[in-house]
Amino acid sequence: MTLLSIQNLTKKFGGLMAVNDVSFDVDQGKIVGLIGPNGAGKTTVFNLITGNYVPDQGEIFFNGHNLEGLKTHKIVSLGIARTFQTIRLFKNLSVLENVLAGCHCRMRSGIFSSMLRLSFQRKEEKMALARALKELEFVGLKEHMDLKSMNLSYGNQRLLEIARALASNPKLIVLDEPAGGMNDFETQQLVGLIQKMQDRGLTVLLIEHDMNLVMRICEHIVVLEHGALIAQGNAEQITSDQRVIEAYLGIDEDEE
Amino acid sequence: MLKYKNPLMVLVFSAAIFSCPFFLNAYWIDVINNIGLYAILALSLNFIVGYTGLFHMGHAAFFAVGAYTAAVLNTSYSIPILLLLPVSGAAAALFAYLVARPIIHLRGDYLLIVTIAIVEVVRIALVNNVFGLTGGSNGIFGISRPEFFGLTIRRPHEFFYYIWSFLAISVFLFYMLERSRFVRALNYIKNDEVAAEGSGVDVAYYKLIAFVLGAFWAGMVGNIYASKMTLISPESFNFWESVILFVIVILGGSGSIRGVILGAFLIVGLPEIFRQFAGARMLVFGAAMVAMMVFRPQGFLPPLPRKYATHKIKPGDETL
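So the protein sequences, as listed, match chains H and U. Mapping of the first sequence onto this note's numbering: residues 1 to 256, in sequence order. Mapping of the second sequence onto this note's numbering: residues 1 to 320, in sequence order.
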């Protein structure tokens, strides 16, 4: 079953075609990789999916909803959570409070119930806390929960972003270079974590430059170059695709 | 012992404040009353500047709308001023909603400039007697005193209990809010707007609500102020008042209730104590601000980390 369907997506920045007529589907429960050389438009596709940018043309369907014109927080509440390529944590807040941010869109209490501390508000806070602790345990940061998030190591900051995204109870999690800046050991653990997310029933869409990681865990790979989709398929198909090899290694002009 | 340090401090402070009427004369009680009014105003501004990190230097405009709403309705229709307390708040909140909605997406210094314009436009509109209601630069006089069950509040000692009880209730409610998803959402916005929206927080809505809630409280303080002075004029709501409120929040500790109250004591109380050096007041004020920004930019009493009852969560508890 298709969870996310991207159809003829196009985005221009001035004269630059950042994303040019890209279409692909993400199936429910799969781990899908979006790869391509620097400047291929991968992050732009992510920003279009999450509503940070508005597409010039094309449509995005998620779980039966057309995402056109929806604001980011609305898309999050429909079930798409993301992490950022450049880590964007709430630096001055604790690790725990960062994860509670993800719970926000699943909570209902307003100003009055909070001021008067009504029983349903207390119950909701407690449930959010339980959820946040569960996600911190899932990514392995529970013992750091009282630290300010800015004091975490780089790899742990990436994990915290994942925990925050998971706390919003998404159907699809969109990871923008999750292994960026991680050492080999941390990357190994990340692979395990992504597979655990799949076991939980989540669908994962990720951008990654670590080809080793992509080829190991992605069941479907989409390749972009200069904003256009040049290939998609499983790892074997991608590694043997002539256009992908050219995009990554360049063409030796003497041979032509 | 250490565990109860904070509640103990609150108790000691409350006891000290509420014993003031027993040994201070009317002049000093009036100073304490002014500190209380500024403290509540600054606490209401704290929602916008402190928790959400929006540069808003036009808070006196909301204060003015509340005060004039109370003054006009009280003098023209002789509605008891105390009944107008929520009306003043609602009028200021509505005004804030209308002016903040179109500018809510502005960032940093751009927002700052527009909010300065708002407070000036309001003051000039009051001076020019728009709608023929505000009495021009003379303002409105003859505002009645608040009455509690036949007891008229008139003397500074009586106003003391009115103002400081109002402050105590406000602090209690704001403290509750601080421990809820509402103020957390404001803090997320202050830290990183894009990440807040990306985590599912409706950034535009929460910014607007911060303005509306802050204005509601400022409007209610406007009502208390009008009944305390019985005479209000546009000069009480100028840009300088907004600056003072802004400074109280930043200097005391933005996003911190105890910090803001301390800020009100320092900014409003200290000049009274050092009245004989009034000539050097602005010099000292300026030097103190520079020193603060260099040595303690987070303010005197920055917010404490919030505590969560994580030990009460058992594995297998219901989750969201």
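Do not take every clue at face value.
[Unchecked claim] Short, incomplete list of chain U residues facing chain H, as computed with Cβ under 10 Å:
id	residue
1	Met-176
2	Arg-184
3	Pro-315
[As the list claims (entries may be wrong)] Below are the DSSO-like pairs computed for lysine-lysine, each with C-alpha atoms no more than 27 Å apart in a straight line:
id	chain 1	residue 1	chain 2	residue 2
4	H	Lys-91	U	Lys-307
5	H	Lys-134	H	Lys-30
6	U	Lys-3	H	Lys-171
7	H	Lys-134	U	Lys-5
8	H	Lys-126	U	Lys-307
9	H	Lys-123	U	Lys-314
10	H	Lys-30	H	Lys-91
11	H	Lys-126	U	Lys-314
12	U	Lys-3	H	Lys-148
13	H	Lys-74	U	Lys-312
14	U	Lys-312	H	Lys-142
15	U	Lys-3	H	Lys-142
16	H	Lys-171	U	Lys-307
17	H	Lys-71	U	Lys-307
18	U	Lys-5	H	Lys-126
19	H	Lys-12	U	Lys-5
20	U	Lys-190	H	Lys-148
21	U	Lys-190	H	Lys-91
22	U	Lys-5	H	Lys-71
23	U	Lys-5	H	Lys-171
24	U	Lys-3	H	Lys-74
25	U	Lys-314	H	Lys-196
26	H	Lys-30	U	Lys-312
Hints in this document: simulated from the structure, not taken from any laboratory. Cβ coordinates follow ideal geometry from the N, Cα and C atoms, glycine included.
Now the hints, each set against the structure:
| no. | hint | in the structure |
| --- | --- | --- |
| 1 | Met-176 | 5 Å, holds |
| 2 | Arg-184 | 6 Å, holds |
| 3 | Pro-315 | 9 Å, holds |
| 4 | H:Lys-91 <-> U:Lys-307 | 17 Å, holds |
| 5 | H:Lys-134 <-> H:Lys-30 | 23 Å, holds |
| 6 | U:Lys-3 <-> H:Lys-171 | 42 Å, violated |
| 7 | H:Lys-134 <-> U:Lys-5 | 31 Å, violated |
| 8 | H:Lys-126 <-> U:Lys-307 | 13 Å, holds |
| 9 | H:Lys-123 <-> U:Lys-314 | 14 Å, holds |
| 10 | H:Lys-30 <-> H:Lys-91 | 32 Å, violated |
| 11 | H:Lys-126 <-> U:Lys-314 | 11 Å, holds |
| 12 | U:Lys-3 <-> H:Lys-148 | 21 Å, holds |
| 13 | H:Lys-74 <-> U:Lys-312 | 32 Å, violated |
| 14 | U:Lys-312 <-> H:Lys-142 | 15 Å, holds |
| 15 | U:Lys-3 <-> H:Lys-142 | 23 Å, holds |
| 16 | H:Lys-171 <-> U:Lys-307 | 30 Å, violated |
| 17 | H:Lys-71 <-> U:Lys-307 | 32 Å, violated |
| 18 | U:Lys-5 <-> H:Lys-126 | 25 Å, holds |
| 19 | H:Lys-12 <-> U:Lys-5 | 58 Å, violated |
| 20 | U:Lys-190 <-> H:Lys-148 | 15 Å, holds |
| 21 | U:Lys-190 <-> H:Lys-91 | 10 Å, holds |
| 22 | U:Lys-5 <-> H:Lys-71 | 44 Å, violated |
| 23 | U:Lys-5 <-> H:Lys-171 | 45 Å, violated |
| 24 | U:Lys-3 <-> H:Lys-74 | 41 Å, violated |
| 25 | U:Lys-314 <-> H:Lys-196 | 22 Å, holds |
| 26 | H:Lys-30 <-> U:Lys-312 | 36 Å, violated |
The structure does not agree with the numbered hints 6, 7, 10, 13, 16, 17, 19, 22, 23, 24 and 26 stated previously, though it agrees with the rest.
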